[in-house]
Structures are given as structure tokens and as C-alpha cells.
Amino acid sequence: MNKKSYTGKNIIDLPQNFTVVQLESADLNSVTDDITEFSARKYKNNKLVDQLDNENVMDNPVNAFASLSDFIGNDIVVVNRTAYFWPFIGNAYLSFLNRPFPNDIVDIQRLFKYIENSQRAKLDIMIKFFQLNTTHNLIARDDIESVSQVYQKLKEDFNKKKLTIKNIQPKHKKFRISDLEDNPEKHDSTNKFYGKVVSASGEISSYTRKEIAQLITDIGGKFQITPGKKTDYFILGELKDGISNKEKKAKEFDVETLTEEEFLNIVASYNN
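Quick note on numbering: the sequence shown equals residues 1 to 272 in our numbering.
FYI, nobody ran anything at the bench for these hints, they're computed from the structure. The beta carbon of each residue, even a glycine, is placed where N, CA and C say it ideally should be. Treat the hints loosely; a few may be bogus.
Cut-off 25 Å, straight-line C-alpha distance, at most; resulting in silico cross-link-like pairs (PhoX-like, lysine-lysine) [as the list claims (entries may be wrong)]:
id	residue 1	residue 2
1	Lys186	Lys113
2	Lys122	Lys222
3	Lys192	Lys4
Label pairs and their in silico Cβ distance ranges [claimed, not checked]:
id	residue 1	residue 2	range
4	Gln131	Asp53	31 to 37 Å
5	Asn245	Lys161	23 to 29 Å
6	Ile139	Ile11	26 to 32 Å
7	Glu55	Phe175	38 to 44 Å
8	Thr226	Asn56	29 to 35 Å
9	Asn137	Gly195	31 to 37 Å
Kindly generate the complete structure, drawing on both the sequences and the hints.
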């Protein structure tokens with residue numbers, strides 16, 4: 001089995017001590033493309049205390065990611081879009097530091113959906129929603145200001161609405177396929193999951209099962225609660241009690257099985 005490239009959790013929280021990290025890459029394939037630049041901002045008690053920028057990561061990637069790791073320390077990391085961040089940073093840590101990325105992350109897109117009750121949460125949408133005077137121009141030191149300010153605005157709204165962390169936790173209860181919203185404008189015909197039938201089983205740390213199902217639907221695929229003859233892909237997370245009934249079904253129908261990381265590598269380029 002391949003070594004896991006990240007070991008933290010994707011959590012719903014609003015920490016006061018955290019590090020914001022913004023990555024930029026040559027392209028959107030997390031397997032073949034490199035991180036070209038990154039920016040990081042460290043906050044203590046919600047106040048900026050330090051920053052780190054590297055605009056030429058691949059000049060010396062070992063030093064670059066070692067310095068980023070030292071800068072982050074044990075902090076929770078605030079990011080924009082788990083499906084992009086985790087596969088890119090995880091692959092980089094394995095390649096250049098020979099270890100997985102260990103920190104828990106907080107994804108502002110997930111927070112935005114739960115705090116603002118929004119179905120869409122691209123960075124451009126959040127900048128416009130909060131009427132920020134920041135940009136999204138794919139330059140790390142610029143875009144990190146947008147990510148940082150969006151996070152602060154989300155905290156403000158969280159407090160204004162008198163919410164609790166429990167209020168905004170995604171529900172892990174069983175869902176129906178009819179609960180999913182299918183918007184053809186969000187489909188991506190270039191993605192591997194487009195037009196495909198996908199199922200899942202086991203504990204997946206990046207998203208809830210319903211979030212995965214909605215993501216597959218957004219791309220233009222079809223999520224299936226239980227794998228069957230027409231299933232194309234089966235995402236398998238960690239299982240606590242050996243093989244699951246769904247995994248048995250997937251094996252019975254010879255469905256291609258994906259790890260959580262393989263799933264994230266496929267959806268890394270999707271951002272509609």
C-alpha cells in the first residue's frame with residue numbers, strides 16, 4: 001500500500017491560533033505538477049504575528065517545504081479548497097520531506113457553505129459576497145490576503161448569527177440521492193468522474209459522504225449509495241471492522257477501487 005500523504009483531519013472549527021497557507025502550482029494535476037510558490041501567515045489570538053513567502057519553490061524544494069513545515073509547527077492550517085490543497089501539499093511533503101503532511105486543516109469553502117448557507121463557495125464568490133478589496137489572481141502572496149480576510153469575515157458572521165460549532169457541523173446521518181442538487185452549469189466534462197457512477201465506503205477524512213456525493217454530482221457524475229453492476233469507481237476509506245459489505249459488492253462487480261488520495265487527485269482540478 002502506498003504511503004499516505006496526509007494524516008490530519010479536515011475539521012469544522014474557527015481557531016484563534018492558526019496558520020493560513022496559500023499554494024500556487026504550474027497546473028492542476030496534483031500528481032504531475034509542482035507547487036511553484038506558497039505564502040503562509042501565522043496568527044495568534046487572531047492577530048498576524050509572522051509571515052513566510054516563497055516565490056521560487058522548485059529552486060530548492062527541500063529547503064522550501066522544510067521551512068514551511070517549521071513555520072506552521074503544530075498549527076491548524078486554514079486553506080481554500082481541501083480537494084486542491086491536500087493532494088498538492090501531501091505529494092510535496094512525501095516527495096521532498098519523505099513524510100506526510102500532518103496538520104489538521106480548516107477549509108474556508110466548507111465554512112462558507114455552512115455559515116452562509118450557500119451552495120457555491122469559490123474564492124471569487126466569497127470575495128464578492130464580503131465586498132473585499134482583495135484579488136484572486138493566482139499569485140500566492142496576493143491570494144492569501146483574500147483567504148485570510150474571508151476567514152475573518154466568516155468568524156464575524158459566525159458570531160453575529162450567534163452560531164455554535166455544533167450548529168455548523170456537517171450532518172453525518174444517512175442521506176438520500178434526492179437530497180443532492182444537480183446543476184448542469186457546474187458540470188466538468190474534462191473530469192474523470194464526469195458521466196461516471198461512483199460509490200464509497202469507509203471513513204474518509206477530507207469530506208463527509210454527502211459532500212463527496214454532492215461533489216461527484218457537481219462534476220456531472222452519479223453517486224450511488226451501494227455499488228452495483230453499473231458502478232465505475234468505488235472510493236474506499238479506512239474500515240474499522242475489516243471488509244465492508246459495500247467493498248464486497250465492489251469486488252463482486254469488479255469495480256475499480258480508489259483510495260481517498262486517488263479520489264482527491266482526480267477532483268483537485270475541479271473548482272466550479
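Hint check:
{"no.": "1", "hint": "Lys186 x Lys113", "in the structure": "16 Å, holds"}
{"no.": "2", "hint": "Lys122 x Lys222", "in the structure": "22 Å, holds"}
{"no.": "3", "hint": "Lys192 x Lys4", "in the structure": "22 Å, holds"}
{"no.": "4", "hint": "Gln131 x Asp53: 31 to 37 Å", "in the structure": "26 Å, violated"}
{"no.": "5", "hint": "Asn245 x Lys161: 23 to 29 Å", "in the structure": "40 Å, violated"}
{"no.": "6", "hint": "Ile139 x Ile11: 26 to 32 Å", "in the structure": "28 Å, holds"}
{"no.": "7", "hint": "Glu55 x Phe175: 38 to 44 Å", "in the structure": "43 Å, holds"}
{"no.": "8", "hint": "Thr226 x Asn56: 29 to 35 Å", "in the structure": "49 Å, violated"}
{"no.": "9", "hint": "Asn137 x Gly195: 31 to 37 Å", "in the structure": "33 Å, holds"}
The structure fails hints 4, 5, 8 (numbered hints given earlier, in ascending order).
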